[in-house]
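Residue numbers (the working numbering), protein chains in the order written: chain A, 1 to 141; chain B, 1 to 353.
Source of the hints: derived by calculation from the structure; they are not laboratory data. Just so we're clear, the structure is a prediction, and the values are computed from it rather than from any experiment. There's no promise every hint is true.
[To be verified] Pairs of lysine to aspartate or glutamate, EDC-like flavour, derived with a Cα cap of 20 Å:
{"id": "1", "chain 1": "A", "residue 1": "Lys121", "chain 2": "B", "residue 2": "Glu69"}
{"id": "2", "chain 1": "A", "residue 1": "Lys121", "chain 2": "B", "residue 2": "Asp250"}
{"id": "3", "chain 1": "B", "residue 1": "Lys292", "chain 2": "B", "residue 2": "Glu325"}
{"id": "4", "chain 1": "A", "residue 1": "Lys141", "chain 2": "A", "residue 2": "Asp32"}
{"id": "5", "chain 1": "A", "residue 1": "Lys104", "chain 2": "B", "residue 2": "Glu252"}
{"id": "6", "chain 1": "B", "residue 1": "Lys103", "chain 2": "B", "residue 2": "Glu131"}
{"id": "7", "chain 1": "B", "residue 1": "Lys217", "chain 2": "B", "residue 2": "Asp239"}
{"id": "8", "chain 1": "A", "residue 1": "Lys121", "chain 2": "B", "residue 2": "Asp239"}
{"id": "9", "chain 1": "A", "residue 1": "Lys6", "chain 2": "A", "residue 2": "Asp88"}
{"id": "10", "chain 1": "A", "residue 1": "Lys87", "chain 2": "A", "residue 2": "Glu112"}
{"id": "11", "chain 1": "B", "residue 1": "Lys273", "chain 2": "A", "residue 2": "Asp17"}
{"id": "12", "chain 1": "A", "residue 1": "Lys121", "chain 2": "B", "residue 2": "Glu325"}
{"id": "13", "chain 1": "B", "residue 1": "Lys260", "chain 2": "A", "residue 2": "Asp122"}
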Amino acid sequence: MEKARKLRILVAKPGLDGHDRGARIVARAFRDAGFEVIYTGCHQTPEQIVSTAIQEDVDMIGLSILSGAHTYSFPRILELLEENNAKDISVVGGGIFPLEDISKLKEIGIKELFEPGARLKDIIDWVSSNISPRRGVVLKK
Amino acid sequence: MLPPEPSLRLVTDTVEFGTREVPRWNTISISGYHIREAGSTAVQELAFTIYDGIAYVEEGIKRGLKVDEFAGRLSFFWNSHIDFFEEIAKMRASRRIWARIMKERFGAQDPRSMLMRFHTQTAGCSLTSAEPYNNVIRTTTEALAAILGGTNSLHTNSLDEVYMIPSEEAVLIALRTQQVLADECGVTHVIDPLAGSYFVEALTDKMEEEANVYIRKLDEMGGMVAAIERDYPQMEIADAAFHFQRQVEDGEKIIIGVNKYTSDRPELEFVLKIDEEIERMQVNRTNRYKEKRDKVRFQKAMDEVRRRCEGPPCWENNVMPALIEAVRAGATEQECCDLYRDAFGVYTDPGTF
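The shape of chain A in the complex, shown without the other chains (with noise of 0.2 Å):
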């Protein structure tokens, strides 16, 4: 029987982008908020990414991305999760992403995108009331 856990968070850089100032906020305002979070640094590939999000068993990944390479790498970590039998982790996205990417990225299956101006507590309440923990977990109170 699975002890209850608090809700895991992987913070993600995929690509070659390598600001990840609001990662390491987001973070940090995460282990604030009482999440367990475990930040990957730069440079992840999609597999390096879904690899350590199963090995860490977490229920969301949070994918930080400011170069627009989300176009490869956000359709390729959700097929590597599908692939790895791991479609219940969530994942989010946080950064730069044009208008019209937004909506796409929703349809294939990106929970929500924070976008420049997105306010740390409102990026914890949405993630509070939204994600579920994975399958077969149960989160402490």
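Chain B: place on chain A using the hints.
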């Protein structure tokens, strides 16, 4: 990409090679820009950058170079952020701190070794996606601060910095910003025009003092590599970045269009689209390039780079001559980096937050 020690070794190879073979080449740009963009304070940017400079000078001396042989070709790269007077004071303080360090800590005799030559870029992180035309004003005041701070060269950001690599129109405004300041305003006709201002001198002194506190602390830790391995500068930067975010969200730090005087103006349209076909074209071009090169010459050159990487750092093992030959023989950047990663190991960022 590489851990701190091999990174330092490659920097020193560059400095040594320039000093011996390409004496008018500016060997390295010691950067604070990225430290500031990561969220550091102005004082941290000043102190950590100068301390990186100290580390490079120490390595050059360890390599057997005399400080006056190479120090004159070092240069720096500052950020110019939105607090006008703080940035001017920072640049002024940097000149005095570096001159003192070169003279007193390293015994430089040549005045050229004591010069703080620097490039400046206006702060990307001060710009907003909301009401992007406000960014033109921010870049202008930041550029002016850099000029009054004594920068030797200048980069002005485009108003669409937050969104994408710049559109032609935005680049033109950024360029014209410099040209108006340089050719119309007269601010480039006087060296250090704010010298003697009670306020600017007091601020300069204060920043120098505060930077020296950090410099002493880094000395106590055993140098920059030791400090990095302990995550010290990374934690300082992360703390400063988080603190700043709190200040913005609490309204303590004002950003026009974001937390004060906001409007419902639509944001910029993304005008820059990069055709995916370009990636395919470049991959093909690179493959054709590799097909055509002299494979024997290429392999021999890469083996020599490898041999030097694996040897102890010294002039005989300086990678630069071998690297130049490798590139002439057709080595790509990917191949050189792969070789470095293989020889030196890959740096794993501990991901401090």
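Tested hints:
no. : hint                  : result
1   : A/Lys121 <-> B/Glu69  : violated (54 Å)
2   : A/Lys121 <-> B/Asp250 : holds (11 Å)
3   : B/Lys292 <-> B/Glu325 : holds (16 Å)
4   : A/Lys141 <-> A/Asp32  : holds (15 Å)
5   : A/Lys104 <-> B/Glu252 : violated (37 Å)
6   : B/Lys103 <-> B/Glu131 : violated (47 Å)
7   : B/Lys217 <-> B/Asp239 : holds (17 Å)
8   : A/Lys121 <-> B/Asp239 : holds (18 Å)
9   : A/Lys6 <-> A/Asp88    : holds (16 Å)
10  : A/Lys87 <-> A/Glu112  : holds (16 Å)
11  : B/Lys273 <-> A/Asp17  : holds (18 Å)
12  : A/Lys121 <-> B/Glu325 : violated (55 Å)
13  : B/Lys260 <-> A/Asp122 : holds (18 Å)
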